[in-house]
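Asker: Whole structure, please, built from the sequences with the hints as guidance.
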Amino acid sequence: MTSSLEARIDHAMAALHSRAATSTLWVALSGGRDSTCLLLLAAHAVQRYPGVTLHAVHVHHGLQPAADGFVESAQEACDRLGVVLHVERVRPETRDGLEADARRARYAVFEALLSPGDTLWMAHHRDDQAETLLYRLMRGGGVRGLAGMPARRALGAGWLERPLLETSRADIDARLAETPIAWCDDPTNHDAIQDRNYLRHHVMTPLKARWPAASEQIARSADYLREADELLQVLAEMDLAALGDTPDRLPRTQLCHLSRPRQRLVIEAALRRLALTLPPRGRLETLLDQLAGAGQDRRMCVDWPGAQARLWRGELLLLPENEARVSEISWPLDWDGQTPINTPLGIVHDRLTPMTGGQPALTLVSRVGGERLRLHGQRRPLKKLLQEQGIPPWQRDRVVVVWHGETPVGVLGPLRLAADGWTLEGPEHPEGSGRVDPE
Numbered sequence: 163m164t165s166s167l168e169a170r171i172d173h174a175m176a177a178l179h180s181r182a183a184t185s186t187l188w189v190a191l192s193g194g195r196d197s198t199c200l201l202l203l204a205a206h207a208v209q210r211y212p213g214v215t216l217h218a219v220h221v222h223h224g225l226q227p228a229a230d231g232f233v234e235s236a237q238e239a240c241d242r243l244g245v246v247l248h249v250e251r252v253r254p255e256t257r258d259g260l261e262a263d264a265r266r267a268r269y270a271v272f273e274a275l276l277s278p279g280d281t282l283w284m285a286h287h288r289d290d291q292a293e294t295l296l297y298r299l300m301r302g303g304g305v306r307g308l309a310g311m312p313a314r315r316a317l318g319a320g321w322l323e324r325p326l327l328e329t330s331r332a333d334i335d336a337r338l339a340e341t342p343i344a345w346c347d348d349p350t351n352h353d354a355i356q357d358r359n360y361l362r363h364h365v366m367t368p369l370k371a372r373w374p375a376a377s378e379q380i381a382r383s384a385d386y387l388r389e390a391d392e393l394l395q396v397l398a399e400m401d402l403a404a405l406g407d408t409p410d411r412l413p414r415t416q417l418c419h420l421s422r423p424r425q426r427l428v429i430e431a432a433l434r435r436l437a438l439t440l441p442p443r444g445r446l447e448t449l450l451d452q453l454a455g456a457g458q459d460r461r462m463c464v465d466w467p468g469a470q471a472r473l474w475r476g477e478l479l480l481l482p483e484n485e486a487r488v489s490e491i492s493w494p495l496d497w498d499g500q501t502p503i504n505t506p507l508g509i510v511h512d513r514l515t516p517m518t519g520g521q522p523a524l525t526l527v528s529r530v531g532g533e534r535l536r537l538h539g540q541r542r543p544l545k546k547l548l549q550e551q552g553i554p555p556w557q558r559d560r561v562v563v564v565w566h567g568e569t570p571v572g573v574l575g576p577l578r579l580a581a582d583g584w585t586l587e588g589p590e591h592p593e594g595s596g597r598v599d600p601e
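First residue of the sequence shown? That's 163 in the working numbering, and the numbers climb one at a time after it.
Since the hints were derived computationally from the structure, they do not count as laboratory data.
C-beta: ideal position from N, C-alpha, C; glycine also.
Where hints are given, some of them may not hold.
For lysine to any residue, the following SDA-like pairs were computed, each having C-alpha atoms within a straight-line distance of at most 25 angstroms [as the list claims (entries may be wrong)]:
no., residue 1, residue 2
1, K370, L394
2, K370, G302
3, K546, A437
4, K545, L479
5, K546, T501
6, K545, G532
7, K545, H511
8, K545, E477
9, K545, P516
10, K546, G520
11, K546, T569
12, K370, L393
13, K545, G531
14, K370, D385
15, K545, G520
16, K546, V530
17, K370, R382
18, K546, T585
19, K546, Q521
20, K370, L387
21, K545, G444
22, K546, H566
23, K545, R513
24, K546, G519
25, K546, G476
26, K545, M462
27, K370, E392
28, K545, R558
29, K546, M462
30, K546, R534
31, K545, R461
32, K545, G508
Here are the simulated distance ranges between beta carbons [said to hold, decoys possible]:
no., residue 1, residue 2, range
33, R358, L440, 39 to 45 angstroms
34, T341, R434, 21 to 27 angstroms
35, T341, P374, 22 to 28 angstroms
36, E261, K546, 51 to 57 angstroms
37, Q237, P423, 22 to 28 angstroms
38, P413, A183, 44 to 50 angstroms
39, S165, P278, 31 to 37 angstroms
40, M517, S277, 47 to 53 angstroms
Answerer: So this is what it looks like as structure tokens:
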């Protein structure tokens, strides 16, 4: 068992070294059994790879009296192995329950810690994988959720890897029995009030009594489900490409020609591509119901925390959640037409200059309706210009009008225009389009 464990770690270390001659490897160290074993194995293996620098990181949640003892245990293990320990203290937000809040805080630390090319090792093993599948099954997880924890995935600027994922808890115990390095037992691991502990002690234990290979078999099912999820993602990407490969706008008619399961897949794939939050299943079903019943010119909006979907001119638009309406925030703002300025809508990077020279004082104001801009010798209603350019109604309230005295001389935001006698340009838009970046 020991040789198998060390062979897995050596294989993972060799793969890391092959990707970069020099790199930093972090081990997430709680001070408990599993992570202490991983640190021990990593500290021995890294000696054969001089280009790899090994560090350990401990996240101090401060959620129980024993927390300081975990730091001491982690520090003692690092001192014995000659590894530098970084301790990060956090105060998890109270939002989704103790386990979920602590997990979110840990991963936020890890993500901020990793520089480009860095790798973080975590000590999850086969029994953890089996418990994860059962836990997600009880929460109604789909194929992706039941695929369990991946052996490798991106995290922040670096990578998260789980080199012990095919290792049993018994193998880890056997390896630690061979070393004098101490580890601490988290007393909350025996508290069945926490969901994962309940699964471990009251579900997995009787399962193993009846089927000794239960963890291995459940973890194998997670592998099969991961393969199925990968195939489904390939199908979703194929459908997304057939719809124009524009994840932020999907043609309604072609989308509705797909079966309902494929509609779900392609919308979720598009949201992931856009780094937007996926909707709860109920909201996604509401979206699909409204989409199926919508006519070509009908408008609809379905939102959820972090994102929204709107139907506009025959396209399903996937967008970030609604931002504050311009009319609800403080205006006006004085502007010299040249200097970037922080507005309620974001930072204005444009430069608006009169063709006659000089730089008169300007004012930025939200659109209120009735404005007219002189273009090509005619005073054109701003409302008409927005319609002609296809600016959706919900974006029209985010238009910034630039005034010179009593005269509108420019428009910024979703529509960018300069009135006759003025030039509008931006640092990255020499053609004159400029931009407003959200904060």
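Asker: K370 and R382 were given as a pair; does the straight-line alpha-carbon distance stay at or below 25 angstroms?
Answerer: Cα-Cα ~15 angstroms, so holds.
Asker: Hint says 31 to 37 angstroms; check whether the CB-CB distance for S165 and P278 agrees.
Answerer: About 34 angstroms separates the Cβ atoms of S165 and P278, which means 31 to 37 angstroms holds.
Asker: If you draw a straight line from the CA of K370 to the CA of L394, is it 25 angstroms or shorter?
Answerer: 32 angstroms, violated
Asker: Does the hinted range 51 to 57 angstroms hold for E261 and K546 at CB?
Answerer: 56 angstroms, holds
Asker: Assuming the hint says 39 to 45 angstroms, is it satisfied by the Cβ distance from R358 to L440 or not?
Answerer: With a Cβ separation near 23 angstroms, R358 and L440 fall outside 39 to 45 angstroms, so the hint is violated.
Asker: Measure nothing beyond the straight line between the CA atoms of K546 and A437; if it is 25 angstroms or shorter, mark the hint as holding.
Answerer: 33 angstroms, violated
Asker: Indicate whether the distance between the beta carbons of P413 and A183 respects the range 44 to 50 angstroms.
Answerer: 47 angstroms, holds
Asker: Does the alpha-carbon distance linking K546 and G476 stay inside the 25 angstroms limit?
Answerer: Given pair K546, G476 holds - Cα atoms ~21 angstroms apart, limit 25 angstroms.
Asker: Verify the proposed pairing of K546 with T569, using a straight-line Cα cut of 25 angstroms.
Answerer: 18 angstroms, holds
Asker: K370 and D385 were given as a pair; does the straight-line alpha-carbon distance stay at or below 25 angstroms?
Answerer: 20 angstroms, holds
Asker: Regarding the pair K546 and G519, is the alpha-carbon distance no greater than 25 angstroms?
Answerer: 30 angstroms, violated
Asker: Mind checking the alpha carbons of K546 and T585 for me, to see if they're no more than 25 angstroms apart?
Answerer: 21 angstroms, holds
In this structure, the earlier hints numbered 1, 3, 5, 10, 12, 15, 19, 21, 24, 27, 33, 34, 37 are contradicted, and the remaining ones agree with it.
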